[in-house]
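Novice: Below, each chain spelled out in residue letters.
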Amino acid sequence: MRKIFGYECKRLLCNRFFAGLLLALLFYGWQVLNRVTILGVSHTAPFSSWSFCDYLRRMLPLLWIGALFFLTFFTSRAERRRAVLTSAAPVNPFVYGLVRCCAALAGTVLLTLAVLLLAAVFYGRMFHWYGWDTLLIPAFLTLGPPLVFALGSGWLLGRLRPWLLYLWMLLPFLLMALPLPGWLEL
Amino acid sequence: MKTIRLFRLELRRLLQSRLTWLAAGLTALSPALGLSLYKTADASTMLSMYLANPAIAGGAAGGILFGLLTIFELDRASRSRVDVLLDAAVSPLCMALQRLMALFAGAFFTLGLTMLLWLPVSWRLIGAVFGAADYLLAYLLLMGLALPLGILSSAAAYQFTRRADLSLILFAAFAALSLTVWADNWQLCWLNPCVWALSDDFSNFRIFRSVAYMRLTWLAALFGIWILSWLCIRQYGKGILGSLRRSARRACRPAAALLLLAVSGTAYAAQPFVDRSNLDETAMSFYEMPYAEGIVCTGRSAWVFPDVKAGSLSGRAAYEFQNTSGQDWEAAFGVTPGYAITKVQVNGEKVPFSVSDYQEYNEAMLRVSIPAGEQVELTMEYAGFPKENRMMSTMQGRAEISGAYLCLENAALSPRLLNVLPDENGYPAAVEITLPASMLVIPFGSSDARVTVEHEDGTRTWRYEENGTGGILYAGDYVREEIEADGFTIEFYYGRRHQAVMEAAGAADAVKAVVEYCTEHYGRLSFGSGGKLKLIQSRVSGGGYATDGASLLDEADFTAANLSNTDKGAGAGEVMIHELVHQWWGLGNMFDVPEPDSPWSAEGLTVYTTYRIAKELYGEAYAQEHYVDQWQQAVDDYYLNFYVRNPEYLEMLPEEKQLEITGSLTYVRQYCEMPLKILKAEALAGGEEAMDQILKGLFNREIDPMNPYLTYQDFLDACGLTKEDLSLA
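Chains as they are written, first to last, in the numbering used here: chain W, 1 to 186; chain Y, 187 to 915.
A couple of the hints might just be wrong.
What the hints assert, rightly or not - Have a look at the derived ranges for each label pair, beta carbon to beta carbon: (1) V91(W) - I190(Y): 33 to 43 Å; (2) L23(W) - A448(Y): 35 to 45 Å; (3) D133(W) - V830(Y): 20 to 30 Å; (4) G124(W) - E842(Y): 16 to 26 Å; (5) D133(W) - E802(Y): 34 to 44 Å; (6) F149(W) - L195(Y): 43 to 53 Å; (7) W30(W) - E689(Y): 48 to 58 Å; (8) S76(W) - L271(Y): 15 to 25 Å.
Unchecked claim - If the Cβ cut is set under 10 Å, some of the chain Y residues that face chain W in the computed set are: (9) A343; (10) T366; (11) L845; (12) E846; (13) L870.
What the hints assert, rightly or not - Simulated coverage check for chain W against chain Y, where a stretch passes if three residues somewhere in it have a Cβ under 8 Å from a Cβ of chain Y: (14) 6–20; (15) 135–147.
Rather than coming from a laboratory, the hints here were simulated on the basis of the structure.
Think of the CB as a built atom: it goes at the ideal place given N, C-alpha and C, for glycine as much as any other residue.
Based on the provided sequences and hints, a complete structural model is requested.
Specialist: Written as structure tokens, this is what we have:
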């Protein structure tokens with residue numbers, strides 16, 4: 001299984017898509033940090049939990065789309081043709097699915113780490129601030145649940161109808177545009 | 187012929203796609219978002235609410251939808267696995283060009299459909315101030331140009347990456363940047379232009395020019411990038427670099443891309459709309475220049491020729507000096523950035539001059555050497571398109587010059603003398619301006635303009651005299667109404683298109699009520715001559731100002747939308763109230779230049795008095811909610827601000843960022859903290875009547891001509907309080 005996991009990770013991460021996504025995320029993140037986060041949120045420091053979570057909140061739609069695109073690797077037409085062969089292999093389909101999900105999660109975690117690393121560089125360079133231990137739990141609480149939800153719900157929707165994944169990508173934008181109560185926002 | 191046939195086939199294929207019709211349909215409906223969910227223009231004029239907002243929302247939604255459609259269409263052949271066959275039949279470069287043209291055609295068709303669909307709706311919503319030119323320009327510029335930008339950016343992303351998923355991510359990030367972090371940068375927000383207001387009564391050409399410039403800059407950049415991506419379209423089984431090498435064999439292709447990118451970069455860097463003024467609002471270097479000794483200015487003249495079609499201006503200014511110092515002197519003038527000084531002469535001889543790169547408060551400095559001599563006449567010629575202050579770059583439109591409206595402030599009218607004192611007569615000035623016959627010229631002050639020459643080309647030359655180094659002039663299709671209030675005359679000027687709203691709102695009565703309130707509570711104004719005050723309606727600008735004998739009224743003070751506002755009644759007019767009150771506080775009683783660390787200025791008493799008038803006119807609840815609560819909120823925010831509490835972190839930021847942050851906080855102390863302190867003083871002094879008596883005493887006090895300013899200490903002494911008593915902590 002470890003070999004399959006490594007293979008799936010290689011499929012997801014060693015390609016133009018991952019490199020392009022990473023670059024887009026880093027550029028977008030740098031713009032957010034330099035133009036919005038730098039001012040601080042709700043009267044707090046730019047490196048406070050509030051401001052940091054605001055930065056993550058702004059990055060979340062792109063991470064959400066990235067995570068769902070990882071899943072499209074497993075639901076594409078080519079993949080479905082390939083499934084005739086993979087389903088004949090002596091591997092428990094549930095475990096195989098779980099391994100693939102883990103690979104998508106690994107890709108999402110790598111993207112998240114890049115986003116966090118970018119903020120670390122920004123805080124260190126701009127404010128000489130390195131108190132990261134205070135931000136790890138807020139980061140986990142802000143990004144963990146929505147991204148796990150994205151992968152879980154995306155996996156189910158992708159199995160149902162692959163094109164539903166593309167519609168699901170629009171969810172954060174829809175939530176941002178609609179005047180919804182705070183608890184419904186990502 | 188083959189190209190046209192291919193284009194027709196591609197367009198037909200595109201129009202047979204249900205997704206195309208879905209994108210077109212949603213785009214045509216998307217202006218509705220601007221009426222409810224997405225309102226970027228926040229002024230209350232009818233055109234802002236019912237034309238700018240729908241058009242911007244339509245542009246943003248349409249740009250995104252057509253971007254997505256482009257990726258879907260470009261990926262279609264590869265998705266259907268017919269790309270190899272297609273490439274064998276038609277050159278992939280040719281096919282990409284046809285697809286782009288077909289998508290453009292689809293976008294323009296959608297724009298036409300949207301304009302037809304929304305024409306009756308906008309007409310009905312906007313009412314009497316609807317104008318066909320505004321409608322066309324708004325939809326073409328605010329919405330129309332967003333669609334090709336969306337198509338070009340997503341097509342370029344796809345052609346570079348050849349992956350629909352990555353193209354979608356790149357396009358989403360590019361669109362999100364415009365809609366969020368770039369939204370306040372007028373040059374970067376390619377999808378949602380920075381239009382905060384459109385004028386109902388006057389013209390909007392300046393803001394439309396600015397949007398067109400931004401959009402064309404992006405169009406050049408994205409076309410350049412698209413051509414580069416087009417050269418990267420994979421051919422003959424080669425990779426991206428191999429294909430690029432092959433496609434770039436025709437040198438004109440990469441040259442066109444580089445040329446477009448260079449044009450775009452130059453257009454971005456050399457934009458003509460906004461200046462490079464120092465962001466430090468406390469910088470006063472132009473006002474701190476030493477005055478010449480032994481030199482006086484005895485008079486000046488200006489001949490001004492606005493080009494109302496181009497929105498630019500040319501002029502000639504003459505200054506007379508008496509130089510008894512026996513030495514040369516370098517005279518300094520403030521010049522509006524955007525104007526080029528073409529010729530400077532002293533006593534008829536050309537002399538060298540220099541214009542500084544440094545700009546402050548929308549002025550650059552022109553330096554000219556004045557030779558020793560009893561009588562010196564300095565003349566200069568200037569021309570250009572005036573730039574606006576970069577601190578107001580998201581609120582452009584103020585420096586409008588058109589056949590319907592014109593506002594020339596200080597150095598925008600003629601170069602402003604900075605470092606030579608006047609003789610005992612002040613700076614007597616004569617200004618002549620030539621404008622279309624339909625425009626009425628109104629000097630912002632006590633002088634009156636009169637027509638001196640009527641030209642055969644339908645223009646008229648106006649002349650007026652005033653005293654000072656600067657001067658402001660308004661011109662447009664104005665109506666003049668005279669209002670008698672407490673023994674003096676108010677000349678009330680407002681746009682002809684606004685006449686019905688002004689009459690319905692009872693604007694004249696509202697003006698009278700404000701004057702009567704201030705006269706009754708503080709005392710009568712004393713006028714130098716004529717016993718009259720001008721009140722001039724400006725194009726929507728988000729604020730106003732006042733000078734001796736004139737105050738400004740913002741167009742947004744009285745709009746058709748306000749007529750139905752039951753909270754305030756028909757006549758809102760709070761900018762008008764504020765600027766009229768300045769005739770008592772700021773002009774009737776002078777205040778020294780505010781110190782950077784003190785909240786005391788004319789604004790404190792003016793805002794407080796505006797609050798009292800609003801309380802009397804609209805009730806206590808309204809005044810509490812819209813004045814006191816908002817001051818308190820702003821002051822709380824100020825003192826809680828991270829950088830106010832921790833200035834050591836502010837110093838770590840780049841200088842431009844520091845100035846941006848401090849600049850955004852400066853107004854709070856004068857406009858919010860001081861009124862709150864006066865409100866506290868009112869409570870400590872015994873209530874409103876007691877405060878009225880104190881302010882009446884201050885207004886009518888005997889003024890020391892050597893020190894005519896009303897100081898904070900004067901105010902505290904009159905209240906019998908100390909600074910500590912008024913602490914808000």
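Novice: Per the coverage rule (Cβ-Cβ under 8 Å, at least three residues), is the region 6–20 of chain W covered by chain Y?
Specialist: Three-residue rule met by the region 6–20 of chain W, so holds; n is 3.
Novice: Taking 35 to 45 Å as the hint, is the beta-carbon distance of L23(W) and A448(Y) inside that range?
Specialist: Given a distance of about 24 Å, which is not inside 35 to 45 Å, the answer is violated.
Novice: Is the interface hint satisfied for L845(Y)? The criterion is a beta-carbon contact with chain W at less than 10 Å.
Specialist: violated, 13 Å
Novice: Next item in the hint list is T366(Y). Is there a CB on chain W closer than 10 Å to its CB?
Specialist: holds, 7 Å
Novice: Falls inside 16 to 26 Å, the C-beta gap from G124(W) to E842(Y)?
Specialist: Hint holds: Cβ distance 21 Å, inside 16 to 26 Å.
Novice: Less than 10 Å between beta-carbons is the criterion; does L870(Y) satisfy it with respect to chain W?
Specialist: violated, 29 Å
Novice: A range of 43 to 53 Å was offered for this pair. Does it hold for the Cβ distance of F149(W) and L195(Y)?
Specialist: Hint holds: Cβ distance 45 Å, inside 43 to 53 Å.
Novice: Do three or more residues of the region 135–147 of chain W come closer than 8 Å to chain Y, measuring C-beta to C-beta?
Specialist: It is violated: at least three residues are needed, and the region 135–147 of chain W offers just 0 whose Cβ sits closer than 8 Å to chain Y.
Novice: Return the status of the interface hint for A343(Y): holds when the least beta-carbon distance to chain W is below 10 Å, violated otherwise.
Specialist: holds, 9 Å
Novice: Can you tell me whether the CB distance of D133(W) to V830(Y) sits inside 20 to 30 Å?
Specialist: Given a distance of about 27 Å, which is inside 20 to 30 Å, the answer is holds.
Novice: If I claimed the Cβ atoms of W30(W) and E689(Y) lie 48 to 58 Å apart, would that claim hold in this structure?
Specialist: For W30(W) and E689(Y) the Cβ distance comes to about 55 Å; the hint holds.
Novice: Given the range 33 to 43 Å, decide if the beta-carbon distance of V91(W) to I190(Y) lies inside it.
Specialist: Because 56 Å falls outside the window, the suggested range is violated.
This entry does not satisfy hints 1, 2, 5, 11, 13 and 15, going by the numbered hints stated previously.
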